[in-house]
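Undergrad: So the protein lines, in turn, are chains Y, A and D. Residues in the first sequence are numbered from 1 upward in steps of one, following the working numbering. Residues in the second sequence are numbered from 1 upward in steps of one, following the working numbering. Residues in the third sequence are numbered from 1 upward in steps of one, following the working numbering.
Keep in mind that a hint or two might mislead.
As the list claims (entries may be wrong) - Which residues of chain D face chain Y? A partial, calculated answer using Cβ under 10 Å:
| id | residue |
| --- | --- |
| 1 | P62 |
| 2 | L64 |
| 3 | M81 |
| 4 | T118 |
| 5 | T149 |
These are computed hints drawn from the structure, not numbers from a lab. Backbone N, C-alpha and C define an ideal beta-carbon position, used for all residues, glycine too.
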Amino acid sequence: MPSALINVPAKAKRGDVIEIKTLMSHIMETGFRHTATGEVIPRDIITSFTCRYNGNEIFRADLFPAIAANPFITFFTTATASGKFEFEWIGDNGFSETASASITVE
Amino acid sequence: MRFAGLIVLSVLLITDAVGAEIPPAERRSGASFMTPDTRAMQDDGTINPGMLWVLDGEKLWARKTGVADKACADCHNDPRTSMKGVAAHYPAFDKALGRPVDLEQRINLCRVNQQKATPLAYESRDMLALTAFVAQQSRGVAIETGSDPQLAPFIAKGRELFMQRQGQLNLGCTNCHDDNWDKRLAGSAITQGHPTGYPLYRLEWQSLGSLQRRLRACITGIRAQAYDFGAPELVELELYLMSRAKGMPLEAPAIRP
Amino acid sequence: MPKRNSTRRQFLGLAGGAAVLGAVPIVTMRPAEATPAELASAIRSVTGGAAVKTGKVKLDVPPLVENGNTVPLTVSVANPMAPEDHVRSIHVFNEKNPQPNIANFYLGPHSGRAQVSTRIRLADSQKIVAIARLSDGSFWSISTEVIVTLAACTEEVI
Numbered sequence: 001m002p003s004a005l006i007n008v009p010a011k012a013k014r015g016d017v018i019e020i021k022t023l024m025s026h027i028m029e030t031g032f033r034h035t036a037t038g039e040v041i042p043r044d045i046i047t048s049f050t051c052r053y054n055g056n057e058i059f060r061a062d063l064f065p066a067i068a069a070n071p072f073i074t075f076f077t078t079a080t081a082s083g084k085f086e087f088e089w090i091g092d093n094g095f096s097e098t099a100s101a102s103i104t105v106e
Numbered sequence: 001m002r003f004a005g006l007i008v009l010s011v012l013l014i015t016d017a018v019g020a021e022i023p024p025a026e027r028r029s030g031a032s033f034m035t036p037d038t039r040a041m042q043d044d045g046t047i048n049p050g051m052l053w054v055l056d057g058e059k060l061w062a063r064k065t066g067v068a069d070k071a072c073a074d075c076h077n078d079p080r081t082s083m084k085g086v087a088a089h090y091p092a093f094d095k096a097l098g099r100p101v102d103l104e105q106r107i108n109l110c111r112v113n114q115q116k117a118t119p120l121a122y123e124s125r126d127m128l129a130l131t132a133f134v135a136q137q138s139r140g141v142a143i144e145t146g147s148d149p150q151l152a153p154f155i156a157k158g159r160e161l162f163m164q165r166q167g168q169l170n171l172g173c174t175n176c177h178d179d180n181w182d183k184r185l186a187g188s189a190i191t192q193g194h195p196t197g198y199p200l201y202r203l204e205w206q207s208l209g210s211l212q213r214r215l216r217a218c219i220t221g222i223r224a225q226a227y228d229f230g231a232p233e234l235v236e237l238e239l240y241l242m243s244r245a246k247g248m249p250l251e252a253p254a255i256r257p
Numbered sequence: 001m002p003k004r005n006s007t008r009r010q011f012l013g014l015a016g017g018a019a020v021l022g023a024v025p026i027v028t029m030r031p032a033e034a035t036p037a038e039l040a041s042a043i044r045s046v047t048g049g050a051a052v053k054t055g056k057v058k059l060d061v062p063p064l065v066e067n068g069n070t071v072p073l074t075v076s077v078a079n080p081m082a083p084e085d086h087v088r089s090i091h092v093f094n095e096k097n098p099q100p101n102i103a104n105f106y107l108g109p110h111s112g113r114a115q116v117s118t119r120i121r122l123a124d125s126q127k128i129v130a131i132a133r134l135s136d137g138s139f140w141s142i143s144t145e146v147i148v149t150l151a152a153c154t155e156e157v158i
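Here chain Y stands alone, though its shape is the one from the complex (with noise of 0.2 Å):
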């Protein structure tokens, strides 16, 4: 299973913006390579990242080939409440991977 890198203050005061930072493991296949014999090495990235804050989408991502291996994606959002962070990938090939951080926001 994939492992995911994920970075959210534990602590933040209401109406901090907050860095968040994710490092989601794939190889992202650009599509654009061949084999020896000429076939092409089917594309295979992670298409699609979203960030869910307590339920709400708070930040969403189209990715290309042109995003690198091992994708990194930094946003920031205002703390609002206690909760929960919720990341999804998802990608070719049915590439489906869930992350979840916690915060107290006082």
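Assemble the complex: chain Y is given as a structure, and chains A and D must be docked to it using the hints.
TA: Below, chains A and D alone, put in the same frame as chain Y:
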């Protein structure tokens, strides 16, 4: 740009001098040749892609495996204490085999002898994860490979391999890494070749890889026949290189271009 | 350096990595490059032909890249990120990879700061374009040139 590389190479081909070893005070890690962005990637554990393998390794450490149904954790307990400093003195002498073994081989010896499990292939996901996890426990520890006197003849052998010219380009490792470090080969800086960060995430590979993978790639690059994974020559080279870097801090899992 | 050489060597570099996974050797073929027309059309599919103004957007990419396989990129927009004035999305494009799109990022007023970082692949020295769509329907853009050097020794199938 190709021509610049060829000119450097032709100078190396003509001169016959044996490489003069780098004085200890002048030794520099490969990290010092990198751009600030790449260095930042290595130094920050929250953005270092090598950490993905370390996380995998952490899971494997606790997983029971083999006929003996044992996990690494069952014998070695908390890796933060039991594995601290380990990677910094590998390759190490194995008494039973009477020769040095590298970290991958040590893990396989444990798997086969203690866990009664099948050995892991070099560069397999699980092997990279375990070596990354173990090596990361020694991050910051000064390398002390080679202190054991039993290793002396093997270090000498490794040094010979480092110095000898080989392949179609008739180059020895020393020609670039002792004599021409800090010059450039095409777009890249030539480093001193200290393996301070293995296993490391190489941007060129877009993956974590072992020192043996890097050595094989270099040897192929000078158009010589690369030794197979696990060959004694590669272990002796690893041993010589690590002892040559003695005192430098381990950076695993490092990033390199 | 001739373009053919550079893309081929880049792919030889990529080839070394994947070859470890499978037994099939990977050769290089010159892939189709995005044309300026494709880039313009990709941008148009986001903007719908609306006017794109220069400014507000900042692209942070190293001017000289150590390895085109992994290029750190940060895109940001000077904007209060308030309900009445915020960045809705940021779209990043390139000029010479086989495909013009790099990524689309969707934000909102709750984002707090319109700034996203990622790592991208660049097949050659080229221009990168970032376009931000604001809540008032306006589009703002910036473009920057990046020089990409390639690894000295290409790795064969290992």
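Undergrad: In ascending order, which of the hints set out earlier in this document are inconsistent with the structure?
TA: Per hint list: 1, 2, 5 violated.
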